[in-house]
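Asks: The lines below spell out each chain.
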Amino acid sequence: MILEGLMAVCQPLTVLWIAVGVAVGIIFGAIPGLTATMAIVMFLPVTYSMAASQGIAMLMALYIGGISGGLISAILLNIPGTPSSVATCFDGKPMANKGQAGKALGTGVVFSFVGTLIGIAILVVLAPALCAFALKFQAYEYCALALFSLSMVVALTGSDMPKGLISAVLGALLATVGLAPIDSRPRFTFGLYQLNNGFALVVLLIGLFAISEVMSFAESVRKKQDFSIEQNVKMKGAGFSLAEFIAQIPNAIVSALIGVGIGILPGIGGGVSCMISYTVSKNTSRRRELYGTGIMDGVVASETANNATIGGAVIPLLSLGIPGDAATAMLLGGLMIHNVAPGPLIYEKSGAVVYSIFFAMLLAAVFMLLFMLWGMRFFVSVLKVPKNYLLPIVMVLCGIGAIGNANQVFDTYAMVGFGLMAYLMIKSKIPTVPMILGFILGPTFEENLRRVSQLASSDPFWNHPIFCVLIAATVLVVIFSARANLRDARREEELNK
Amino acid sequence: MKDRNNYKLDIVPGVALAAFSLFAMSQIPSIRVFKGLGSTPLNNHFVPWLWSGALLFLSLWLIIRGILKYRRFGAGEGGSLWAALADKREVIASFIALGLYVAFMGSLGFVISTTAYVFVQILILTPAERWGRNVLPAAVTAVVAGCLLFYIFRSTLNVLLPVGLFGFGL
Numbered sequence: 001m002i003l004e005g006l007m008a009v010c011q012p013l014t015v016l017w018i019a020v021g022v023a024v025g026i027i028f029g030a031i032p033g034l035t036a037t038m039a040i041v042m043f044l045p046v047t048y049s050m051a052a053s054q055g056i057a058m059l060m061a062l063y064i065g066g067i068s069g070g071l072i073s074a075i076l077l078n079i080p081g082t083p084s085s086v087a088t089c090f091d092g093k094p095m096a097n098k099g100q101a102g103k104a105l106g107t108g109v110v111f112s113f114v115g116t117l118i119g120i121a122i123l124v125v126l127a128p129a130l131c132a133f134a135l136k137f138q139a140y141e142y143c144a145l146a147l148f149s150l151s152m153v154v155a156l157t158g159s160d161m162p163k164g165l166i167s168a169v170l171g172a173l174l175a176t177v178g179l180a181p182i183d184s185r186p187r188f189t190f191g192l193y194q195l196n197n198g199f200a201l202v203v204l205l206i207g208l209f210a211i212s213e214v215m216s217f218a219e220s221v222r223k224k225q226d227f228s229i230e231q232n233v234k235m236k237g238a239g240f241s242l243a244e245f246i247a248q249i250p251n252a253i254v255s256a257l258i259g260v261g262i263g264i265l266p267g268i269g270g271g272v273s274c275m276i277s278y279t280v281s282k283n284t285s286r287r288r289e290l291y292g293t294g295i296m297d298g299v300v301a302s303e304t305a306n307n308a309t310i311g312g313a314v315i316p317l318l319s320l321g322i323p324g325d326a327a328t329a330m331l332l333g334g335l336m337i338h339n340v341a342p343g344p345l346i347y348e349k350s351g352a353v354v355y356s357i358f359f360a361m362l363l364a365a366v367f368m369l370l371f372m373l374w375g376m377r378f379f380v381s382v383l384k385v386p387k388n389y390l391l392p393i394v395m396v397l398c399g400i401g402a403i404g405n406a407n408q409v410f411d412t413y414a415m416v417g418f419g420l421m422a423y424l425m426i427k428s429k430i431p432t433v434p435m436i437l438g439f440i441l442g443p444t445f446e447e448n449l450r451r452v453s454q455l456a457s458s459d460p461f462w463n464h465p466i467f468c469v470l471i472a473a474t475v476l477v478v479i480f481s482a483r484a485n486l487r488d489a490r491r492e493e494e495l496n497k
Numbered sequence: 498m499k500d501r502n503n504y505k506l507d508i509v510p511g512v513a514l515a516a517f518s519l520f521a522m523s524q525i526p527s528i529r530v531f532k533g534l535g536s537t538p539l540n541n542h543f544v545p546w547l548w549s550g551a552l553l554f555l556s557l558w559l560i561i562r563g564i565l566k567y568r569r570f571g572a573g574e575g576g577s578l579w580a581a582l583a584d585k586r587e588v589i590a591s592f593i594a595l596g597l598y599v600a601f602m603g604s605l606g607f608v609i610s611t612t613a614y615v616f617v618q619i620l621i622l623t624p625a626e627r628w629g630r631n632v633l634p635a636a637v638t639a640v641v642a643g644c645l646l647f648y649i650f651r652s653t654l655n656v657l658l659p660v661g662l663f664g665f666g667l
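Going down the list, the sequences are from chains A and B. Just so you know, the numbering used here puts 173 at position 173 of the first sequence, and the rest follows in order with no gaps. Just so you know, the numbering used here puts 535 at position 38 of the second sequence, and the rest follows in order with no gaps.
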């Protein structure tokens with residue numbers, strides 16, 4: 001299977017699609033407002049007619065390119081191209097201001113590569129182990145796992161817990177549309193046959209992330225934005241010495257481990273991992289007072305962590321079918337379209353595809369390194385592309401993605417509806433990411449809860465230690481997160497006073 | 498002042514979501530329950546009740562929180578609804594354009610509807626004072642995008658994009 005996966009990736013056309021995916025991903029990552037998720041949305045219909053390994057390899061390349069490209073605008077514009085590069089601004093832009101733009105970009109690129117490699121290495125080791133463990137899972141365990149993953153929403157929502165929970169519950173409620181699990185009775189379909197299969201994940205994601213992004217740009221049309229792009233970008237090699245690279249290795253390893261760890265947790269993406277690893281790096285450094293003034297340590301921490309998150313986020317995606325963030329939720333849609341069912345049996349049913357994903361990620365990381373080191377001038381020039389021309393075409397591509405999902409125009413209506421809903425949610429300060437978790441985990445929870453209700457009399461829950469541990473973990477996560485949220489809310493209130 | 502007006506961000510979505518959850522609850526009894534062999538003790542009503550009930554509870558929580566904020570800080574300064582809508586005119590126009598695009602895509606076909614939509618959307622996203630020099634590039638972009646995307650996806654990638662009444666692209 002390993003050889004089969006390698007062979008699939010080594011096909012010239014697959015290599016070409018991976019290269020295209022990385023380049024487009026970097027462009028999307030570099031332009032503020034366009035994200036890796038949007039790049040995947042846009043190219044999903046392109047993959048419809050491809051073989052599974054080819055299509056998914058391209059989506060992975062878009063993901064890696066998209067996360068990596070964010071550093072360009074973070075360093076040159078002080079605007080993170082993607083949420084994953086927020087912390088890169090802190091030291092990247094000051095370095096550029098000091099005339100070290102090339103060094104900052106080189107550092108970001110090389111350590112993005114290092115982070116991706118560490119993430120992939122951990123993915124390759126952990127994913128099969130998690131799959132083997134998850135083979136023991138039955139209805140009880142899946143039900144508890146869904147609850148545990150949903151409980152992460154409480155941990156994610158910051159000081160406004162009710163709004164985070166609303167988002168997750170709304171997602172779970174939307175997932176009940178269509179034929180009910182087990183007995184296949186239609187629910188909330190209002191006689192529309194197009195709703196029998198429920199709303200497609202891809203359609204929901206397009207509405208939540210692509211349309212809302214276009215609308216947020218529409219809001220800023222009349223606002224004058226003063227972007228000064230650092231033009232003086234000279235890159236010689238990676239822009240830093242070997243001694244500097246070696247000195248950063250401990251920082252990179254710690255940041256990568258943080259990135260992978262956060263990537264594994266459902267719903268938390270690179271945006272959080274780069275902030276946490278930057279903070280950890282700063283707090284544990286001997287020269288913490290220099291952070292924020294333009295030192296490479298800050299760029300290393302942020303960029304290694306956000307790229308390592310990729311490998312981390314793919315672990316639960318492949319092993320359990322639970323996405324780590326919005327982009328992996330989109331990848332989940334891509335896997336489903338190509339008839340690859342993520343879960344504990346993925347190695348048995350689609351082993352070659354899984355290994356092709358690993359090799360594709362590796363190849364994409366190499367392409368990312370080469371493209372960004374040698375093609376930086378091109379990617380910098382991309383920052384000048386007028387978004388008023390780009391976004392309408394992105395919208396059309398999203399529409400094609402929605403139509404192509406089930407070859408029905410009806411899905412575009414749902415796409416617009418979800419877009420409007422997402423816009424109103426953002427305006428009401430209701431986060432949209434928990435909704436994806438609710439939408440994906442809701443059906444898993446329901447199906448297994450109903451199975452458990454059948455089994456309970458003959459097979460009580462105390463026969464399932466994993467179930468008991470997961471429920472206990474859920475309770476602990478909810479209690480501690482709720483306490484932390486309340487504390488944050490009180491602190492915020494005091495600051496408001 | 499912004500924080501004092503935050504009560505609206507609780508009450509308005511709270512009311513809308515409470516109404517939505519009540520609507521969902523009202524639809525649950527019409528779901529047919531399966532009572533045959535292999536039916537589960539928790540039927541297909543249970544989880545919709547669970548989620549819509551949870552949504553109603555959380556919506557009421559938001560409404561009550563908003564009311565408490567209002568009592569504490571008062572109404573604060575707020576602009577008129579029309580001023581707020583006028584401020585968001587590009588967003589409203591974008592949603593209308595997008596809505597019309599998807600509504601007419603089936604009848605007009607992908608090429609015509611996409612060309613029209615891309616042209617209008619580019620102008621919406623362009624400041625009005627720069628429309629003059631953008632009309633021609635926008636029109637060219639719209640026509641090229643409509644035709645090229647149709648060719649790529651319909652002919653090359655076999656996505657069933659609608660051809661519409663006029664049969665463009667066939």
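Some hints could be false.
Calculated cross-link-like contacts (lysine to aspartate or glutamate; reagent style EDC-like; alpha-carbon spacing at most 20 Å) [stated by the list, open to error]: (1) B/K532 / A/D160; (2) A/K349 / A/E4; (3) A/K429 / A/D160; (4) A/K429 / B/D584; (5) A/K98 / A/E244; (6) B/K505 / A/E4; (7) B/K566 / A/E492.
What the hints contain is simulated information worked out from the structure, not anything from laboratory work.
Asks: With reference to the structure, classify each hint as holding or not holding.
Replies: Results of checking the hints against the structure:
| no. | hint | verdict |
| --- | --- | --- |
| 1 | B/K532 / A/D160 | violated, 42 Å |
| 2 | A/K349 / A/E4 | holds, 14 Å |
| 3 | A/K429 / A/D160 | holds, 9 Å |
| 4 | A/K429 / B/D584 | holds, 19 Å |
| 5 | A/K98 / A/E244 | holds, 18 Å |
| 6 | B/K505 / A/E4 | violated, 58 Å |
| 7 | B/K566 / A/E492 | holds, 14 Å |
Checked against the numbered hints given earlier, this structure breaks hints 1, 6; the rest are met.
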